[in-house]
Structures are given as C-alpha cells and as structure tokens.
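Chains as they are written, first to last, in our numbering: chain A, 569 to 902; chain B, 569 to 902.
Treat the hints with caution; some may be incorrect.
If several chains are the same, the list does not tell them apart, and a pair holds so long as it fits within one copy or across any two.
The list that follows gives simulated cross-link-like pairs (lysine-lysine, DSSO-like), each with its CA atoms no further than 27 Å apart [claimed, not checked]: (1) 770 to 606; (2) 744 to 650; (3) 744 to 774; (4) 574 to 650.
Quick caveat, the hints were computed from the structure, so don't treat them as lab data. Nothing here was measured: the structure is a model prediction, and the numbers come from that model.
There are 2 protein chains.
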Amino acid sequence: MPQLRKDPVLKQWVIISPERGKRPSDFKKTEQVIDDPKTCPFCEGNEQMTPPETMSFRTAGTSPNHKGWWVRIVPDNAPILKPDGDSDREGIGMFDAMNSIGVHEMVIESPHHHINIQNSTIEQVREVIWAYKQRLLEIKKNPRYKHFMIVKNSGAGVSNFSHSHSHIVATPIIPKRIEEELEGAREYYHYHDRCLFCDIIKQESKDKARLVHEDENFIVFCPFASRFPFEMEITPKLHMPFFEMIENHQVHGFATALQAALKRLETLLPGQPYNFVLHTSPCSDSYREFYHWHIELIPKLTKVAGFEWGSGFYINPTPPEDAAKMLREVKISE
Amino acid sequence: MPQLRKDPVLKQWVIISPERGKRPSDFKKTEQVIDDPKTCPFCEGNEQMTPPETMSFRTAGTSPNHKGWWVRIVPDNAPILKPDGDSDREGIGMFDAMNSIGVHEMVIESPHHHINIQNSTIEQVREVIWAYKQRLLEIKKNPRYKHFMIVKNSGAGVSNFSHSHSHIVATPIIPKRIEEELEGAREYYHYHDRCLFCDIIKQESKDKARLVHEDENFIVFCPFASRFPFEMEITPKLHMPFFEMIENHQVHGFATALQAALKRLETLLPGQPYNFVLHTSPCSDSYREFYHWHIELIPKLTKVAGFEWGSGFYINPTPPEDAAKMLREVKISE
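Next up, chain A with everything else stripped away, as it sits in the complex (with noise of 0.2 Å):
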C-alpha cells in the first residue's frame, strides 16, 4: 500500500509507493512507450489487458470488457492512489502519515489507437468530457474524497502509452496546490467581492493581447505571469465552481475550446508533449461563491533546474503576448 507523508515545513504531501522500491539501477533503464496496437491495452479488443473497467459508453447490447465502446474508464495498473482500506491517519514521531487511499482511473479517449483529441471528431471530445463529468459525479458520492482531478500526460517522455488516455485521481485531502488557489480566490473575493478568475477573463477578454481562442462560453488564453512558455488556461466565461455540474450546452463550448487549444499546439509545436489538469472546487460548498473551473495547459518546452525548485520562481523565455500572437495567427485545419 502506498503511503502518504507530510512535510512538516511545507506541508506538501507525499506519495512514498515502497513496492515500487526502486533502486539506483532501476533508474538507468529507459523506460518503453508502447506504441503497438497489437500490444496495447487501450485498443479496442484488448479489454482483458487492464483492469475491468469501472464506466464505458457502449453500444447498446454489448458487454462490458468486451468490444463496442467508444469511451472507457478502468482503474490504473499501477495506482498511485487505492480505493480500499483505512486512511489510517497517525504520528510517526513529529511527522504525519496516512494510508494512500483514493481513486486512480484512466480514461480511454477512443477505441482506435491514432486518434487523440487534436484529430478527432468534435462529437468524440463531447463524449469525453460526458464520461469524466458522469465518473466523477459517481466518485464524488464517496463522502472521504475531497478533491478530484483530471490529468493528462500526452507525448513521449510524459506517458509510456502513446493510446490518447487521460487520469481522474481522488484524493482524501486538498493537494497543496489546490489549497493555494483556493486561498488566492478567497482573499480576493474578501476584499473585491468578486471572483478573482472571472475578474481575470473579463480583463483577457477585453484586452487581447494574450487571447487565443474565445466564443459565447469559453476563453483560451496564456497566463499574465506564465510559468512555461506557450502555456494555456481553458476556462468558462461565466462563474462556475463545480466542473462537473458543466451542463449539456456548455458541453459544446469546451470540446471546441479544448481541441482548439491542442490542435493550435499541435500546430505549432508538432508532436509537442504537454500535460494538461483540469481543476475543479472540492467536495463542498464553502468555496462555491470565489473558485472556478479550469485547465492549465502546459508544454513540456523547459527543464526545470535548482533555482525553480529551490524558490519557487518560474524563468519564462517566451513572453505569453509573443505564445498567444502565434498560437492565435497559426493555420489550423477546421
């Protein structure tokens, strides 16, 4: 079982996984993307591959783990995260520690092996996005999950199946990161009485220069203060905490506003790996009035060296008015 600790100083918690044990040799191997559909897991037919799937949107009459699903959601081979057991919170001396429960699923983004969401159909990246709104809704009425997440590691060095597929992970806390967001939004409102994240997308909105793609329902656009170059925020232009309360005239808006995202990416940068999070409020109302949905889109362009770690400063050699002009002006195909 996995195991979280906390860092007393930061406290920023860790997943420790001791029976993946690695040792100094273990990190030497280079680790293998398996890219054939013959030995894929995600592909349609190869169901007895993973884990029995816990959702899938199937044509009617068809069995679960078998053939005829369009969208598929198992638990992951490796979790770093479990559903079973006690959290079983304790002291260990000073420190704090508990059991590593959870939920880490993969969703499979298409039955066939070279589609991803850049080159599917806009139908296709509707349907995704119903099965993350429908399996979180689902995990969510597990009363000792606070926060959810959606993630995405695309491209080689990032993912070791190059199968489109994204991961919903449930924690038992509030990540750090969240916590941090949530305390930026809350003083913010305490102060204006106004969501921080719809102040920004009316300014973005209005003023342009960092705007990549925008329509009645939702804005791409890079960061004032990007960390990364080229990165990207996806978001709803009206206030909204909860992601998945996304309601099914909006479910349009992002599909195109997601692929339009990576398919300029893609355009731009071809084969670029990026990873993608999609953050939503956690599991309660109290941050209802001052937290909104969104996706940090980020390209993995830059290493990141001592200085980063070290002080939390991000070096951006890309201002994000250059990233958005050129993101903005690069011909897609519709």
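Given the structure of chain A, go ahead and fit chain B onto it with the hints provided.
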C-alpha cells in the same frame, strides 16, 4: 530587461525574459554542453571569456581577471536578474509587475576543468564555502535585496557547462517557496516554542533510519517526506538561521558533510545529474528564532508529470529509509 510578473491566484512570481524571446523553433535545438577546457570560460587562462570578476581568492600579486585564482565569482553571462535600474513596481490592469532587479553570479569552484566538490581536496571545498560566505555578506549590504540563495545544477541535461560551478541569486522579494518554509516554521514555533528544523534534526539523529552522515556539527539525512528518490538534506545541528554567519570551526564540518553527501551519491549513482539549493534566512532579524539554514540536494532521477504540477503532490518510488540505507552503506574512497 527581464520582467517579474506575479500570478494573482498563487502569488507566485515568474521571470519573463523578452530578450530571450524564444520562438517555437528555438526549443528544438539541442543545447551544447561546453566540455573542452580550451573553450571553457571557467578554466584558468580563459578569464577574458567571462564578464569581469566580482570577487576571487587568488595568490598575492596576481591581477583580477588573470591567472592565479583558486575560487572566482563572475556575473552570469545571461543573468535572470540584473543589478542596475529601478524596480519600477507597477500595476498592469489587475496584474502586478516589476523590473527584474537582483544579482545573478556564478561561483567557479576550481580553476581546473575536471575538479568538482566530490573529487577535490577538502581544503578546496572549504575555500568554496568561504567564497559563498564572503560574497553573500557583500551582496547583503544592498538593502533592496530581500533574499539570496545558492544554487547548483550539475551534470548532463541540467547545466550547459561541465566545469564545476554554482549560482548566487539575490532577489528583491522573498521567493514563494521560502515564504512557505517561513510560514510552516513560524506556525510550529508559535505552537511549540521550538525551532521545527531543530526538532526534525533531533528526531532524525535519534531515529537513524533516514540518516546518511552525522558528525559533531552537521547532519545529512533523507527527509521523511522526500519528494524525490535519494533526496538529502544537509544542515547544521545547532540552531543557525543565517548561513553567512557560519564560523571558522563550522566550515570544516559543512565541507565534510557536503562532500560526503555528494561522494555517496556519485558512488551509488555514477554521473547522476543533481541540483542543490542552499536556503538561508531572509535579510531580516524577524525570522531568527524559527528559521534554520539548510541545503536541499535533489538527484534528477524521476520526471515530474501532470499530477505533480497540478496538485503539488509528489510521487516518490524509493522510500527515504531505503535510500538512506543505500547511501549510508555504499563504500566511498576517503
């Protein structure tokens, strides 16, 4: 002039370098590592290849920027912060920005290309520590710098120079990461009336499971909530907020502990790239009671993926107890 911009949600400062102005094609180039003593600007005899030195330890009678030195400090060629001009703090709509005022210098740790902290004499390591101390005391005289840090990026993929060197960085604000340490340490001090770092040191010294090296004045251990495999902390055992107040009798202990940690890492994981950061108290007396200077040493073994970026949760596949045992038991040449 690079610009400092503040993320309004996370209150995290980012350095935006418009003059680097990196475009998509710039990221594809592999960066050249300078590994030939003939073209290495840090080798003795090549002093004209760096900006003029700000400090050096050199033989009596030799001239600055010529041969005859054993430790030499020069401004960085492409500094992330610059000492000239005004900070010009300003609001851009709802955002905050200022000029990137500060100090960014390089400490050349030996005149010889292949000498580094692991393989040099202990006397040379002591000289490097004296140079750190003396230069920090000098920089500290300028009241506009609020914090300074020593950073080392060593090895392929983390530095463009193979000649052993480190960075001194002085910033006009206290970096977010240090603010977080101060906050955690302050809270513990208010509750317990004891320094959090002193308590951790006592527990690690007694427990021994995560201990790597200990002598009269210094301790090296793998932190309880290590974020990375084989991460180590090096710190004085007696309470000491300011590194730059290190005294004669402690310099030898620090040199020995630092060299021991790096030698053990090098023997266990030969040629392993690593970063270290030296955290010392900000330039103010108000942290004196609860802050405790230390080095964080991070071997670059794992990749940081979307989940870590998005949550601030780290996943460490090597329990620190296993890491410490291997580091402790590895045979090193004296």
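Here is how each hint holds up against the structure:
no.	hint	verdict
1	770 to 606	neither (48 Å within a copy, 55 Å between copies)
2	744 to 650	within (20 Å within a copy, 32 Å between copies)
3	744 to 774	neither (32 Å within a copy, 30 Å between copies)
4	574 to 650	within (18 Å within a copy, 37 Å between copies)
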